[in-house]
Every structure is written in C-alpha cells, then in structure tokens.
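Participant: One letter stands for each residue in the lines below.
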Amino acid sequence: MNIESAQYQTDEIKGGNTGITAVIDGVTMSIPLDPANRHYTEILRQVEAGTLVILPPDEPEPTT
Amino acid sequence: MAGYVGSRIVNTLTNLDGVAIDGAAITNSTIVPVTPFTFRNRIINGNLSNPINQRGAASITASTGYTYDRWYYDGSTYLYQGIEDKNVNNGTYVISWEGSGINAAWKVSTDTTANNGPDATTGFTSVSNGGTFTVNEGTEYSKHLWIRFDGTLSNLDKVMVEEGTVATPFEHRPIGMELSLCQRYYEISGNQSRYSMNASSTISYYFTEGFNVAKRTDPAITVNQTYNDNLTIAANAASTSTQHPGFSAAPATADGRALGEYEWTADAEL
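Chains as they are written, first to last, in the working numbering: chain U, 1 to 64; chain A, 1 to 270.
In isolation and in its complexed conformation, chain U is listed as follows (with noise of 0.2 angstroms):
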C-alpha cells in the first residue's frame, strides 16, 4: 500500500480519536482503529517503520 497521507478523526460523541482519513493508492478512505482491519495495521506498520506520521486532527466541526 502506497499511504500518501494519514490524519486522525474525532468524534464528539465517542471523543478523542475515532478514525483515521488516509490516502491510499490515490484514494481517500476512512479507517477504524480496529486492529483487524488491514489498512489500520499497515498505517500501524508504516508508522513504527519511521515512514509515515499519522497527523493530529482538525478542530472538530459542530454537528448535528
């Protein structure tokens, strides 16, 4: 996987990080941290390898 960027989600429900946005392959998708999900474990690996920063969030928007 080519991860071309990775930043946190947060929620106002749940609170603090509750995904991950992340460009993969030249595609955005939404990643859980669930550590059976296979894009989550390769940011996990790319990470501990030095290779990729998981950036902070942006400040949460209000929602409805």
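Be aware that one or more of the hints could be misleading.
As the list claims (entries may be wrong) - Going by beta-carbon spacing under 8 angstroms, a handful of chain A positions derived as facing chain U:
| hint | residue |
| --- | --- |
| 1 | T217 |
| 2 | A220 |
| 3 | I221 |
| 4 | T222 |
| 5 | A235 |
| 6 | A237 |
| 7 | T240 |
| 8 | E269 |
| 9 | L270 |
To be verified - Pulled a few chain A residues facing chain U out of the computed Cβ check, cut under 8 angstroms:
| hint | residue |
| --- | --- |
| 10 | N198 |
| 11 | D218 |
| 12 | A238 |
These are computed hints drawn from the structure, not numbers from a lab.
This one's a predicted model, so the numbers in the text were calculated from it and none came from an experiment.
We put the CB at the ideal spot given by N, CA and C, even for glycine.
Please build the complex by placing chain A on the supplied structure of chain U, with the hints as guidance.
Facilitator: Only chain A this time, still in chain U's reference frame:
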C-alpha cells in the same frame, strides 16, 4: 419391475447398516458423511470463468491488490486467497483446481490479526493438484489459511479447498449466495445514493446506510461523490460498524438547498 428395484435398494441400505465406507458411514439407514456434502469449498469465488467481480477488474491479474472478489494479486507472480481464521478448523484439507501450468502452496498466518494482503510471502509449502495438507494450530480458529498460486494464472479455474483427503467435483453455489459470501469482505454500493437537506447553517449532519452483509470487521470506507450541490459527503469512522457505513454531510453555505449524490465501498478484506 420398478417395485423390485426399489425393494432391492432398501434391502441393500438395510443390509449396509453399520458398515463404514470411505467418506461416510451408514447408521440406522442414514448416510453420515465424514465431511459435509454441501458448503464443502472453503475458497470463495473459485469459479473464475464466471467470477464475482465487484471491483470491475479487467482480469484476476489486472492490478496489484484485490482484483476479483477475495483474490489478491501481488502484481508480478503470485495470486492469493486468504481463508478467514473463523472458517479454519484443524484437520486435513485437499486442494484441487482446473487449468494447466499452475502451482499451488499453502500456509497459516504468522499473525493472529488481519494482514496487509498475504501476511508474508515466505513460509509457504507446495501442494499438488489433488494433494492434501494438514492444519494443526494450538488455538483452533485463530489464524488465517493462505492459499497461493503461480504459473499461468489465466488458466486457473474451479478452485476448491475442502476438508478430507479426496477432491470432489467443484461445488457450484448459487451466484447470489456466492456474492453474499464475498460481501462479508468487500461491498460496493453500486448505485447513486443521495442525501438532501435544507441547510439553514453549515453544521454537518451524520447518517448511515446498511450493508447487504455484515462485515468481517469494521471496514475501511471510500466515498465517490458524483454530484455536489452545496453538500459534501464524507465517510465517518465513528459511525461506521460491521453493520453499516457512516457518513457526514457538510453544507458549504447556509443557502437552503443542499444535495449530494455518492457511491461507497467497504473493505474488510484480510
């Protein structure tokens, strides 16, 4: 004459009561198979001459990654299918396929969690067409079983991995059922979903749809927005589960009409 033949069959079955034969036994005049008569094939989408192809791949080797449903191509040599850990019990399996110039190998995962496609390209053991191998994990149902092919992959068809020692004819499951089995791992909306609202502010809204089939694990979601009139649709991980994809809808302005049309994919592959 017909009655005579029927009587002979009944008598034969009665006389065989308690007699074991290869692959089955007859008990109380009931055939009891050692392995199931149906749902024998652990491979999903093995009928490659008429495959499930939700991604619309031009061929099974068209690109690196998942092409036809459940099939992962490494982009150069190998074609893989991972059989999910929860479907892998300890026992002896037999593999079979149609097509010349094909080599096969097998391994169980080195990891107990999901992997980026095949978890490693090493550690495979070759197995011939019609050959057997044995899975014996300390903790049953804890590791994926990977099947790997190489050679003239365009010839590969009618792939079977089944419990037992004797390869049986390819199991043609109903096409709708085969699609459902595939959709546990990958699903595409396949239509133009729409969301509209009266935007009195630029506050985002959350909403969900439903999957046809519950996913193996929380999936990665992509959104392809095909129409945007003052409303941007995006996937939302916090409201996504194995049961449904979650989305947010964000009006660009508070000008009233806001409409978005979009498609989505959900990926819970191994």
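Participant: Does the CB of A/L270 sit less than 8 angstroms away from some CB of chain U?
Facilitator: Hint on A/L270: holds, closest Cβ of chain U at ~6 angstroms, below 8 angstroms.
Participant: Grab the minimum C-beta distance from A/I221 to chain U and call the hint holds if it beats 8 angstroms, violated otherwise.
Facilitator: Holds, about 5 angstroms.
Participant: Given a cut of 8 angstroms on the nearest C-beta pair, is the interface hint for A/A235 held or broken against chain U?
Facilitator: Holds - the Cβ of A/A235 comes within 8 angstroms of chain U, reaching about 3 angstroms at its closest.
Participant: Taking 8 angstroms as the limit, does the beta-carbon of A/T222 come near enough to a beta-carbon in chain U?
Facilitator: holds, 5 angstroms
Participant: Hint A/D218 vs chain U: min CB-CB distance below 8 angstroms?
Facilitator: holds, 4 angstroms
Participant: For the hint on A/T240, just tell me whether its beta-carbon gets within less than 8 angstroms of chain U.
Facilitator: holds, 6 angstroms
Participant: Quick one, is the A/T217 hint okay against chain U at 8 angstroms, beta carbons?
Facilitator: holds, 4 angstroms
Participant: With a cut-off of 8 angstroms on the beta carbons, see whether A/A238 makes it to chain U.
Facilitator: Where the cut-off is 8 angstroms and the nearest Cβ of chain U is about 4 angstroms from A/A238, the hint holds.
Participant: Against chain U, is A/E269 within 8 angstroms by beta-carbon distance?
Facilitator: Because about 6 angstroms separates A/E269 from the closest Cβ in chain U, which is inside the 8 angstroms limit, the hint holds.
Participant: So, as I understand it, the hint says A/A237 touches chain U; can you test that by seeing if any CB pair is closer than 8 angstroms?
Facilitator: holds, 2 angstroms
Participant: Once the shortest beta carbon distance from A/N198 to chain U is found, is it less than 8 angstroms?
Facilitator: Because about 12 angstroms separates A/N198 from the closest Cβ in chain U, which is outside the 8 angstroms limit, the hint is violated.
Participant: Let's test the interface hint: is any C-beta of chain U closer than 8 angstroms to that of A/A220?
Facilitator: Interface hint status for A/A220: holds (5 angstroms vs cutoff 8 angstroms).
The structure does not agree with numbered hint 10 stated previously, though it agrees with all others.
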